[in-house]
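Number of protein chains: 2
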Amino acid sequence: MPTLWDHRFAQRTHRMKSSAIRELLKLTEDPEIISFAGGLPAPEVFPVEEFVEACTKVLREKGDWALQYGSTEGYTPLREMIAQHTSRYGIEVTAENILITSGSQQALDLLGKVFINPGDHILTESPTYLGALQAWNLYGAEYVTVPSDDDGIITDHLESALRTGPKFIYVLPNFQNPTGVTISLERRLKIVELADHYGVPIVEDDPYGQLRFEGEPLTPIEVLDSQKHHNGHCYTGNVIYLSTFSKILAPGIRLAWVVAPPEVIRKLVMAKQGTDLHTSTFNQMVAYEVSKGGFLDRHVQKIIQVYRERRNVMLESLSEHMPEGVRWTHPRGGLFLWVTLPEGMSSLELFKEAVKQKVAFVPGESFFPCGGGENTMRLNFSMMPPEKINEGISRLARAIKNALASERRG
Amino acid sequence: MPTLWDHRFAQRTHRMKSSAIRELLKLTEDPEIISFAGGLPAPEVFPVEEFVEACTKVLREKGDWALQYGSTEGYTPLREMIAQHTSRYGIEVTAENILITSGSQQALDLLGKVFINPGDHILTESPTYLGALQAWNLYGAEYVTVPSDDDGIITDHLESALRTGPKFIYVLPNFQNPTGVTISLERRLKIVELADHYGVPIVEDDPYGQLRFEGEPLTPIEVLDSQKHHNGHCYTGNVIYLSTFSKILAPGIRLAWVVAPPEVIRKLVMAKQGTDLHTSTFNQMVAYEVSKGGFLDRHVQKIIQVYRERRNVMLESLSEHMPEGVRWTHPRGGLFLWVTLPEGMSSLELFKEAVKQKVAFVPGESFFPCGGGENTMRLNFSMMPPEKINEGISRLARAIKNALASERRG
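Chains A and B, in that order, give the protein sequences.
For the first sequence, our numbering begins at 1 and goes up steadily by one.
For the second sequence, our numbering begins at 1 and goes up steadily by one.
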């Protein structure tokens, strides 16, 4: 039924697409389907009892505060806790550098609002995080992309991309969504060097960095840039760093943060005032209460154990079941790995066959801002228990073999 | 210290101003100041124990769900509860018409994102809600305004404003922020008639409607429009209706909702995906748990009792203390009233004198999208206990008398 609103949508909505992932997730609500399509943390590791305790304490002791309007910047003790955590590499950051956001998605939206003019080019990895594209498309962003391999963004291709004059560089340094790949230290240093040379700032999006299953953590790009300029004591502010409680505590509370220079924080705060006033005071106080006193570090170790096992099972199952010509990444942390099918095969086509086999994934195409990746897919290993992962990969392998067979017939 | 971000801010940020209210609130953190400047609910009426119970129940029974990612549309039982509540006037609305937002501020932001092209004119009351202007300025909105009196927007001036071709009409029907004034039934009918005649849709923003201290509730504009077109059974969708849990439960949980036709909901959902993915699952489930079974209706009665007394005290104190030439509105609900000083007096100038007298308010200017209102101010009566209201108004009257005296001297 037509309404008076029908022909009044803003032009920017023409670039709005419902996330392919979300649409596909709807198809996979059939409980018999083993879905590797989501990006969900395992609910088994949610610290439910700690939340019960924290909620009760916060409400009974500070209910007046927790249920009231709060400041746009965020709850100060939480910001101080995050600042301290951020400073662990020896770069001094204070609460003034921290803005609490309603999930990292809001951080991406606010960055778009504050920095992107229609037609601005953003330099991204290819493939890159879909949520960033969804946020920035609405501000009229265009993209210049640099391909990645098993060591992350291929910095040999970075310089020519930088010479197009992008507004900023957007990278996911650790266990990237969608590929699971980590940018090597050598390449991080190269990114800092080239970004500095061309005077282009960086957004470093790091939701998964703490979920490292093996090896030593690599220095964040934000720290490398600061070390280059200040002998390692002050935050230069050339790199805006994003992270979140979604993967280390719980996504349902919608809490994330931005580390940025104070001038950028001020602008983001003004934008956030008009966007949602502030992030839930209650959730911030509860997250602070749950996290403090070292609980969060212990809890992350527990998550790592669960996810490491699941990744191992997925890698083993892939080796066992996949036909020749199928390749995949070996992530050392995070929630995802990335499968590349034989050249010429379409993962979108395969999806239909996979659903028949009762298994689901995300076709890779939509992670490529400038096209490509038709033969790729993202698999999530955090959500499903090990036995289901093995069964799911075996189904997926069957679907691929069926598709290859019918291709040969066709 | 300059960073690489400094000259990269988007053009739209030039229209970004920190809310005058928020800046002034910082000045009034001195605990000796009696502040009528905020828009805060009284914390005494927060149902803290009900929240404790609901949090415990939701976490223990459905923690896996409450702490997980959720759907962008919102928690279905909560949407159904709201749909049922919305249908109380006999207009059928279903969960399909409801989107849960992170506070009403987010609803305003999403409406801007989805409908406003740079240069679009929005028709507003003058004065109007500052938060709407803050949200929409960033999408390049311009304004065409219609003045209001004690019966709300003066519909005699509406037609000429409609003929300028605004994108939509924005009104706050009940106990408006900032004036406390309610649009009369006669004028609501006139708005519906003229909006229909010119084919212009309406946004009806109603955060305070349930907080009515006396008299019968007036039919929402959304219902009047539907009655006009469908004999009162179906929602036409020409009016998008906004409301919130902030004033009837607690603002700190950041929960509000939009009632709109399904096609608009779909677009808002896509915009929200890129903006913050979804509103906190946990908060939605807790709000549902607290509200269900009739608690919310009983609780609203309690809030009304508290606020009614405070409004009465403020009105009595104004009558007692204010010098001649000062006028004010007599709101029948809500959180605010509106004071008009003698012509030529500046409330911004007065603010400095008021802070000396240890009392604060919001100067009215910033509520006027196209200028004016220099001699007006907004007073909040919900937050302060009665004895402080009386003392605060006496201080404010003293500040006004001092200002008038020094004007005469000058």
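Note that these hints are calculated values from the structure, not bench results.
There's no promise every hint is true.
Note that the list lumps identical chains together, so a pair holds whenever it fits in one copy or between two copies.
As the list claims (entries may be wrong) - With a straight-line Cα cutoff of 30 Å, these simulated DSSO-like cross-link-like pairs (lysine-lysine) come out: (1) Lys228 / Lys57; (2) Lys388 / Lys62; (3) Lys292 / Lys62; (4) Lys62 / Lys358; (5) Lys352 / Lys401; (6) Lys302 / Lys57; (7) Lys190 / Lys57; (8) Lys57 / Lys358; (9) Lys352 / Lys228; (10) Lys57 / Lys292; (11) Lys292 / Lys388; (12) Lys292 / Lys190; (13) Lys228 / Lys401; (14) Lys17 / Lys292; (15) Lys352 / Lys302; (16) Lys57 / Lys356; (17) Lys352 / Lys57; (18) Lys292 / Lys302; (19) Lys228 / Lys17; (20) Lys302 / Lys17; (21) Lys190 / Lys352.
Outcome of the hint check:
no.: 1; hint: Lys228 / Lys57; verdict: neither (44 Å within a copy, 51 Å between copies)
no.: 2; hint: Lys388 / Lys62; verdict: between (43 Å within a copy, 23 Å between copies)
no.: 3; hint: Lys292 / Lys62; verdict: both (16 Å within a copy, 24 Å between copies)
no.: 4; hint: Lys62 / Lys358; verdict: between (48 Å within a copy, 27 Å between copies)
no.: 5; hint: Lys352 / Lys401; verdict: within (14 Å within a copy, 78 Å between copies)
no.: 6; hint: Lys302 / Lys57; verdict: both (24 Å within a copy, 25 Å between copies)
no.: 7; hint: Lys190 / Lys57; verdict: neither (48 Å within a copy, 52 Å between copies)
no.: 8; hint: Lys57 / Lys358; verdict: neither (44 Å within a copy, 34 Å between copies)
no.: 9; hint: Lys352 / Lys228; verdict: neither (50 Å within a copy, 47 Å between copies)
no.: 10; hint: Lys57 / Lys292; verdict: both (13 Å within a copy, 24 Å between copies)
no.: 11; hint: Lys292 / Lys388; verdict: neither (35 Å within a copy, 38 Å between copies)
no.: 12; hint: Lys292 / Lys190; verdict: neither (36 Å within a copy, 57 Å between copies)
no.: 13; hint: Lys228 / Lys401; verdict: neither (50 Å within a copy, 61 Å between copies)
no.: 14; hint: Lys17 / Lys292; verdict: neither (39 Å within a copy, 35 Å between copies)
no.: 15; hint: Lys352 / Lys302; verdict: neither (36 Å within a copy, 56 Å between copies)
no.: 16; hint: Lys57 / Lys356; verdict: neither (49 Å within a copy, 39 Å between copies)
no.: 17; hint: Lys352 / Lys57; verdict: neither (49 Å within a copy, 40 Å between copies)
no.: 18; hint: Lys292 / Lys302; verdict: within (16 Å within a copy, 36 Å between copies)
no.: 19; hint: Lys228 / Lys17; verdict: neither (40 Å within a copy, 35 Å between copies)
no.: 20; hint: Lys302 / Lys17; verdict: neither (37 Å within a copy, 45 Å between copies)
no.: 21; hint: Lys190 / Lys352; verdict: neither (41 Å within a copy, 54 Å between copies)
Violated hints, in rising order: 1, 7, 8, 9, 11, 12, 13, 14, 15, 16, 17, 19, 20, 21; the structure is consistent with all others.
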